[in-house]
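The hints should help you fit chain V with the ligand onto chain F, whose structure is shown.
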Amino acid sequence: MMSKGTINILQLYPREMNIYGDWGNVLVLKQRLVWHGYDANILEHNADGEFPADVDLIVGGGGQDSGQIVIQQDLQLIAPHLRALAKDGMPMLIICGLYQLFGNYFKTHDGTVIPGIGVLDLETHGGTERLIGNVVASSDEFGDVHGYENHSGQTFLGPGLRPLAVVSKGEGNNSKENHEGARHLNIVASYLHGSLLPKNPAIADFLLEKAVTRKYGSFEPGDVDDSLAELARQHAGSRPR
Amino acid sequence: MLSVLVGKAVRAASRLRGGGSALPGLVVERIDPGFMGRALTGLQHGVVVVSGTNGKTTTTKMVVELLQGQGLTVFTNRTGSNFTRGVAAALLGDVDWRGRLKADIAVLELDEAHAVHFVQLVPPTHCLLLNVLRDQLDRFGEIDKTTRLLAQIAAKTTGTVVLNREDPRVASIASTVTDAAVTYFGLDESLRSTFPSDDDLRGSASVAPPSSLPADVVLESVDGNSASFLIDGTASRVELRLRGVYNIFNAAAALTMARTVLGVDARPAALLESLAAVEPAFGRGESLVVDGNPLELVLVKNPSGFRLGLKSFDPEGCATMIAINDNYADGRDMSWLWDVDFDSLAAAGVDMVSGVRAYDMALRLKYEDVRTAAVNTDTTAALASFIRAAQGRPKRIFCTYTAMLGIRRDLSRITDVKVVS
Ligand SMILES: [Zn+2]
Numbered sequence: 010m011m012s013k014g015t016i017n018i019l020q021l022y023p024r025e026m027n028i029y030g031d032w033g034n035v036l037v038l039k040q041r042l043v044w045h046g047y048d049a050n051i052l053e054h055n056a057d058g059e060f061p062a063d064v065d066l067i068v069g070g071g072g073q074d075s076g077q078i079v080i081q082q083d084l085q086l087i088a089p090h091l092r093a094l095a096k097d098g099m100p101m102l103i104i105c106g107l108y109q110l111f112g113n114y115f116k117t118h119d120g121t122v123i124p125g126i127g128v129l130d131l132e133t134h135g136g137t138e139r140l141i142g143n144v145v146a147s148s149d150e151f152g153d154v155h156g157y158e159n160h161s162g163q164t165f166l167g168p169g170l171r172p173l174a175v176v177s178k179g180e181g182n183n184s185k186e187n188h189e190g191a192r193h194l195n196i197v198a199s200y201l202h203g204s205l206l207p208k209n210p211a212i213a214d215f216l217l218e219k220a221v222t223r224k225y226g227s228f229e230p231g232d233v234d235d236s237l238a239e240l241a242r243q244h245a246g247s248r249p250r
Numbered sequence: 065m066l067s068v069l070v071g072k073a074v075r076a077a078s079r080l081r082g083g084g085s086a087l088p089g090l091v092v093e094r095i096d097p098g099f100m101g102r103a104l105t106g107l108q109h110g111v112v113v114v115s116g117t118n119g120k121t122t123t124t125k126m127v128v129e130l131l132q133g134q135g136l137t138v139f140t141n142r143t144g145s146n147f148t149r150g151v152a153a154a155l156l157g158d159v160d161w162r163g164r165l166k167a168d169i170a171v172l173e174l175d176e177a178h179a180v181h182f183v184q185l186v187p188p189t190h191c192l193l194l195n196v197l198r199d200q201l202d203r204f205g206e207i208d209k210t211t212r213l214l215a216q217i218a219a220k221t222t223g224t225v226v227l228n229r230e231d232p233r234v235a236s237i238a239s240t241v242t243d244a245a246v247t248y249f250g251l252d253e254s255l256r257s258t259f260p261s262d263d264d265l266r267g268s269a270s271v272a273p274p275s276s277l278p279a280d281v282v283l284e285s286v287d288g289n290s291a292s293f294l295i296d297g298t299a300s301r302v303e304l305r306l307r308g309v310y311n312i313f314n315a316a317a318a319l320t321m322a323r324t325v326l327g328v329d330a331r332p333a334a335l336l337e338s339l340a341a342v343e344p345a346f347g348r349g350e351s352l353v354v355d356g357n358p359l360e361l362v363l364v365k366n367p368s369g370f371r372l373g374l375k376s377f378d379p380e381g382c383a384t385m386i387a388i389n390d391n392y393a394d395g396r397d398m399s400w401l402w403d404v405d406f407d408s409l410a411a412a413g414v415d416m417v418s419g420v421r422a423y424d425m426a427l428r429l430k431y432e433d434v435r436t437a438a439v440n441t442d443t444t445a446a447l448a449s450f451i452r453a454a455q456g457r458p459k460r461i462f463c464t465y466t467a468m469l470g471i472r473r474d475l476s477r478i479t480d481v482k483v484v485s
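Protein chains in written order, with the numbering used here: chain F, 10 to 250; chain V, 65 to 485.
Next up, chain V with everything else stripped away, as it sits in the complex:
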């Protein structure tokens, strides 16, 4: 298996240079296109693909930890490598020299477009489809197109497709599934208005009627970090380390997937115990400490994510900074800022607005009558003066992806920031 050795060598070399994680994946894809398929077939519990607009990273992390808690050895791809080449690169680190993976199951986070490419190479046994929301329309054109991408993942799935019954576009995929079984996760009716789809965003038209589809796991109620899940008709309360109501809904998704994979072997008490222990993923409601006060980083990348982020964290008594970049990974278009309701920040105001498109953000706040204390497009300078001005108060930073990378880098100089490889 020369390709594996070459790939491993490239991986080692690119690590030494501290360089990109995708290059070794590219090399092995070129010289041995069958590598990934061979490494991933024959795993005892198969291959799980997690996709959708929001929450892939955190949900994948939860599924992985739930399964590990049941004693499984799980292969997964790391944050920032949610494309086929990234999976191949991650595999290179974990296979033996014959290209065999020592794992019971693979759980992979894949971006919608790359997932379609991936499932052509490796048909998954299970897929978990979270939501379809307006995001990256500069890549996908329109959201109905994104739905069709997810439907292609479902079509290639051989075992079970797990769907969000509350998202009308995701739920509609069930009717296109012919070979696999379909299972749902969902919300109690009392929580449905907390998660409006993009269609419910504006206009007087009422929210879609409650779903009559049966759900394997239902999120019943949320009170701070404590949540109640209805599993198989039994309600269980869990104290979570995860923050943010969107993460907690995705916990229902992860529980459903873990139960689907394990079937009758699932140990419910251990699942809930693992769930309670899951820590937030990189930049997803991550809590750091600066000057003895908590500082939270909340990644925002589309209207629904920003809306849920604002809803999940109480602004009172907290200093707020917003950093908006428009690099390729963030999306170039600023239109989405106008689809977010910033009402909740009106009382406390915003202490600092930064990022390449700081003035677009400040303008958005002005039209919502939200007071902005300072604007500075230089994120490093903005962060320093934000921390200085907000001394003694808890702090929260809403930031787009590339803004978050810079802010984490700057924060790592003054506080403990977990290093993500």
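Pulled out of the complex, with its shape left as it was, chain F reads as follows:
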């Protein structure tokens, strides 16, 4: 079958910010593109590297505290470019550690302020308690969202930003409100690992639709069988926290 086009997926800092299954998100985007009849190209941006010119979709993951420090300087260098791309409708999936750094700042427990890049109007405060466990949340856009959280940062959204979903099991952004993640422009940001996309194909297809439409004007989805994902969601939803 003839390819309907090629989408370039950029993974941000795959070495430092790729903990706990973040690769699964990239793999899902790549495979679903193929199933929808498109070709996929996977690119990387690493600290001190050249930011690729031809990018259609950006994926960022989580990392250890030490990884966040390693990429800090480079992230500030590419920040103006990321802000411009976001405004221009670039679809982005931003998880956990990079989710925090895409905000305005991260204030650690001892009071140190790590500047973010302000793509998302949110702030994060380091906490003493780690929020760990299965999460189920519901979103008007994507239905139920299933994932697994593991973070000590407490994230609070600014007034202009809406949460990705409302939590029914687990904590989400912080232990005070029942919000999980953030939605802004074509950006989906979340604390959830799992990986997020395999069990939430609606989010994957949202990102793909935005990427393909932005590049080719329209998206013609293929026939993708998500019955295994549906069963995996049902079982995940029935498990203890």
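Since no wrong hints were added, every one of them can be taken at face value.
Straight-line distance between alpha carbons at most 30 Å, and here's what the computed DSBU-like set of lysine-lysine pairs gives:
| id | chain 1 | residue 1 | chain 2 | residue 2 |
| --- | --- | --- | --- | --- |
| 1 | V | Lys430 | F | Lys13 |
| 2 | F | Lys116 | F | Lys178 |
| 3 | F | Lys178 | V | Lys209 |
| 4 | F | Lys224 | F | Lys96 |
| 5 | F | Lys116 | V | Lys209 |
| 6 | F | Lys224 | V | Lys430 |
| 7 | F | Lys185 | V | Lys209 |
| 8 | F | Lys39 | V | Lys430 |
| 9 | F | Lys39 | V | Lys375 |
| 10 | V | Lys430 | F | Lys178 |
From the structure, some residues in chain V lie toward chain F, with a derived Cβ separation under 8 Å:
| id | residue |
| --- | --- |
| 11 | Arg198 |
| 12 | Ile207 |
| 13 | Asp208 |
| 14 | Asp397 |
| 15 | Met398 |
| 16 | Trp400 |
| 17 | Trp402 |
| 18 | Asp403 |
| 19 | Tyr423 |
| 20 | Asp424 |
| 21 | Ala426 |
| 22 | Leu427 |
| 23 | Lys430 |
The hints are simulated quantities; they were obtained by calculation from the structure and are not laboratory data. These numbers were taken from a predicted model, which means no experiment stands behind them. All residues carry an ideal CB built from backbone N, CA and C; glycine is no exception.
Chain V with the ligand in isolation, oriented as in the chain F frame:
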């Protein structure tokens, strides 16, 4: 020593009930907190603590058998009791009524977090730190935290700290050791790409440069079950009963520890002879026989363990089953399945996927274009139909810890399964 008698009585009673091994340990810890320290101090060759993410059980077993082969009486804790209370419970079975242990040395497998607690009570003379990999992040938070736990074990060690020079996090612990000596085990450069650290997993960044640290024992090459070790500059080839390249690397760790304990008294030929005779530990590449064909159980609990397990066993001609549970002992999070490369199963496919999270596993395989013949979350039913469908072929089951317990129980009804007390 009333506490010893009470402890022994509780131990006998809980054995009669066929119950938990930790209860007597709990009782003796409560009524006599100094019991463990007293029993373990004064052993002629001291106390060895083995810790790290992967391979503790098999490595501990190897160290024990290497030392026994040199004529030492060794006290050790058994599989499934790698926490302080489990050590206390095991001690109760072996001490005399005055609480004295008749052994030359204790070799103890301890989980990272429990080891930290243990070394506060009993500073070890030696410790062997194997690796720090992503595992149980739902308990430890992040792997840098796990490294700090291992560093605390090293800090309490009075004699020698034995480190894996190929694991950057473990090797970095050397710089924090002030009182003890440091010795390394390692890999020949040609094997380093076989053991990627979690940092080498993704991304184009190159594997860390070869280490210039001197190693006491180096694993030079592996060919099936035959391995060559470079010891003190002399290469020796050994035919092992252990399977799996990860077990064979841990043999270098065990040899280093045995040589460290014994010093000039070590008899090299006898060490290699003991090593060749070591049988796999419970569920760690254990080989059973079903319908006249071998069935292998491979315990998988984290990405690097699963990757090495897949790399160690050729799938060709073999029927494969995977069973993934997410009980507390397995870890609740399924993210780790996405950090394992399942490419090697693409040609042969997977015959059965089971476990509580069978559908997460099947979904993972689907995204890797690996064909799955059947999925059944009921492990007992899945095992039966897997064995039926794979009649006449060798079989292999990759399973998480609690899935393995169930599968062993079911298998014991149809074949000989070693009972582990
Ligand atoms: Zn995270």
